[in-house]
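Top line first, the protein sequences correspond to chains P and H.
Note that UniProt numbering numbers the first sequence so that position 231 is 231, with each residue one more than the last.
Note that UniProt numbering numbers the second sequence so that position 406 is 406, with each residue one more than the last.
Calculated from the structure, these hints are not laboratory results.
Treat the hints loosely; a few may be bogus.
To be verified - So the derived label-pair ranges between C-beta atoms look like this: (1) H:E233 x P:G11: 37 to 47 Å; (2) H:K187 x P:S412: 20 to 30 Å; (3) H:P367 x P:T2: 42 to 52 Å; (4) P:H393 x H:N226: 55 to 65 Å.
Claimed, not checked - Now the stretches of chain H that chain P is said to cover, found in silico as 3 or more residues with beta-carbon under 8 Å: (5) 105-114; (6) 121-127.
Claimed, not checked - Which residues of chain H face chain P? A few of them, derived with a C-beta cut under 10 Å, are: (7) T86; (8) I242; (9) G443.
Positions of the beta carbon are idealized from the N, C-alpha and C atoms, including for glycine.
Protein chains: 2
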Amino acid sequence: MTFIAVQPADGKNFGNPIHEHTESEVRELISRAAAQTSAFAKLSPAKHSTLLRAIASSIEACRTDLITSACAETGLPEGRIGGEITRTTVQFQLFADLVETGQHLRVVIDKADSQYSPAPRPDLRRLNQPLGVVAIFAASNFPLAFSVAGGDAASALAAGNPVVAKGHPSHPNTCAIVEGAVKSALKSVGLSENIYSVVQGTNSEITHWLANDSDIKAIGFTGSENVGRILIEIAHKRPVPIPVFAEMGSLNPVFVTSSAIAERSQELAKGLIDSALLGSGQFCTKPGLVFVPAGNDAFISEIKEHLATLKVGPLLSASISARYSSAISELSSLGSLTVLSGISNDSGFGVTPTVFVTDWKTATMHPALLEEHFGPTTVVISTDESHFVNIAHELAGQLTATIQGTASDKVSELMNVLSERAGRVIWNGFPTGVAVTEAMQHGGPWPSSSTHTTSVGIDAIYRFMRPVSFQSFAEEVLPDALKDSNPWKIEQKVNNAK
Amino acid sequence: MTFIAVQPADGKNFGNPIHEHTESEVRELISRAAAQTSAFAKLSPAKHSTLLRAIASSIEACRTDLITSACAETGLPEGRIGGEITRTTVQFQLFADLVETGQHLRVVIDKADSQYSPAPRPDLRRLNQPLGVVAIFAASNFPLAFSVAGGDAASALAAGNPVVAKGHPSHPNTCAIVEGAVKSALKSVGLSENIYSVVQGTNSEITHWLANDSDIKAIGFTGSENVGRILIEIAHKRPVPIPVFAEMGSLNPVFVTSSAIAERSQELAKGLIDSALLGSGQFCTKPGLVFVPAGNDAFISEIKEHLATLKVGPLLSASISARYSSAISELSSLGSLTVLSGISNDSGFGVTPTVFVTDWKTATMHPALLEEHFGPTTVVISTDESHFVNIAHELAGQLTATIQGTASDKVSELMNVLSERAGRVIWNGFPTGVAVTEAMQHGGPWPSSSTHTTSVGIDAIYRFMRPVSFQSFAEEVLPDALKDSNPWKIEQKVNNAK
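Let the hints inform the model, and build the full structure from the sequences given.
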């Protein structure tokens, strides 16, 4: 069985027929990966980081092919894909920088202390260990940075886990190129290619085969709330449940103050709509809900005028395009709201950018207005500015929440409430654009994420490790990271010394 | 409605009638705690640590009453209860030491950088925030250290969360004294008593009221796998699921080598049985499975002789005692095993210490032999020493796993396999006795724990916090922990500086 990729730009087929993995093939790849678990876990930080850098180089070496393939398979422009390739390699390099130091092992050594309170203490040494084979589910909207060797896979590998990644069927040729790059990197540093595999297919059963396999010890997922919930349910019902680190999207509310509009209405209207339409509105950080003080008709007109000039690239797949168009026509028929449109893209999986303008009361009466709709749309809600804090209290968990204001606005209370609802709170910016840096938190309260972790930035590595203590073992038996002789020259916190 | 405590020593009632909380009372206490969330979260590290030290002092001040009450309600000896009081206060002091430094906030500041790769970076500042009201479920077997103000409650409070703790109905007077101590500490430092409440009752619905309440943001639990699974199921099915940090017990396998027996058989036999019977066998780290090389009949005889001299205190409750006796008679009737007995305790909830000796084949045919049985029993399994590694591979997740050997034993492989199955691997020690220190890991793979976290040691605090990033906010609006001026003088990691 094979399947073939489809180009969003024109709906035509692209690339080679892709092999559909069968259940026995999927289980065989998982089993081979599992057989590598112990040996891979025991590599030195230096060797691990050499691998991560080799993967970065190997992906970089495929840049031309990746651009051709990913542009064709996603309909995204070359500049965007090029940036994503760089981001993907930078992610591996940042993890290599961390892993090289051994800091991610978080070694703590508390030596035996007969005077310790409340009771004498034996020699205890703790480190972080990898979990075992991690299943990664690629996202459709980041064909590199959140795909089979994106942030989730990079953090799982950096933690020392073998990975079996499920390619997204909307960009299978891109996944195959990346798979080849990672395998060649493994080979180049003398490691088994079984440490990393990609499985592909359009059969939704693949998800179950992976998530149910007893050798899979954790799941990394970036995608829709629906699929996230399916994975969480499977993982919960296993004889041995496993953690699911799911990033499931968000409405990313933006609160705009009157003074911000008074100061820079045109810039704001343009910035908001450009952010909502970036990547054809297919970012998990798309501003999907914009609160504007009532009575700012001129601002709404500016949004309308700017939107009317905009056309966006096709959506990622036929099904995403169909879901978008169906949602837009459903919302358009609700009444009590104004529908603003951009320029239609009639080619391939093209759609029409659409903005809805309504009030808070209408929005709360129609749950569909407060759901994430993947694609170039957002909902502008006019309401009394004095209601912002109360509305913020009613919001579900979000990846981000934004305040657009001026220095004269008193925003502390709103910021505090939003910090209880979101993983990242933004001042005078737009939520799209997620910097890959340690202070980034990409993950918020349910339903934006399934756990209190981040899927962007180096802390993503800790999702795929667990602490283990070793008590009273002799120097020669201890794992290298825990030896007094510290052969890896890594950071060891000894007897609570700073 | 009230209920009354029962003394394990003689089955008689003890103490005052205890009020059974109704659903509306439980929800009212949760609601009052929720109203404190934001204010409590915003306290300075200095103020937080002052509270934690005040709680420690306040509990210490009740030592005499606590000893009277806890000894009567649990049947545990005074020395043990005294040690537990000290451990409980030390836990608060250790968290106070940590919180004072602000290290638990894990502040990371990455300033705006227009040259940052792969893309310009805005000003991003991250810290750990508390989650909101945490529900804590007290364990029966630690009336202080894992009860309403034990390690779970202390870590949740230290993280800055209000707590509603469910007392264990087997030691309600002890819970009430602790509740009074914590509330008086809150009052003494000028904080609302609503930050901490205890709910009590014998009605199992209380568990559901707590775990289902929308204002409860996380659950800490120490107890049986059955109740742990119920809590996880409730939390999973909520409209907004919440994390359940459940420590659900363990078999704590011990592998004894031939050379260890040759070197110190009497010491080993005594140490193992004493560890299994410590606290009447009611520790989650009780060695419940002991692997001994086949053909060591003399060692089994030493176990038998030592056990025959031992009598243990009564079990914690009528139901624990009944479950123990029923399990012992079920196991005794299996055949293919030898039953060794200690001295019967016929008073109150007293039972007979019982050790089963069998082989691995028999054990695998009778799942009941490989389940945790709370009380003074363990299963000794004779098997070929060369099978230890294979047997270790087949074990479920454990809190601890122990190797008893000598310097001449080659134990690296066994240690490595056990480190994949357990949270703590022990050399030539016994698993009971869990040091409260940073390098401790008390929590292992499922089913011993529900997550990859620890419930003992200062890292327990991170279960009850989540990271939040603030992007581009002005100095005067930022939370104090994130300000450049650093008014709290806490550790801030700025621009990846070491």
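Unmet hints by their number, sorted upward, for this structure:
Violated hint (a single one): 4; every other hint is consistent with the structure.
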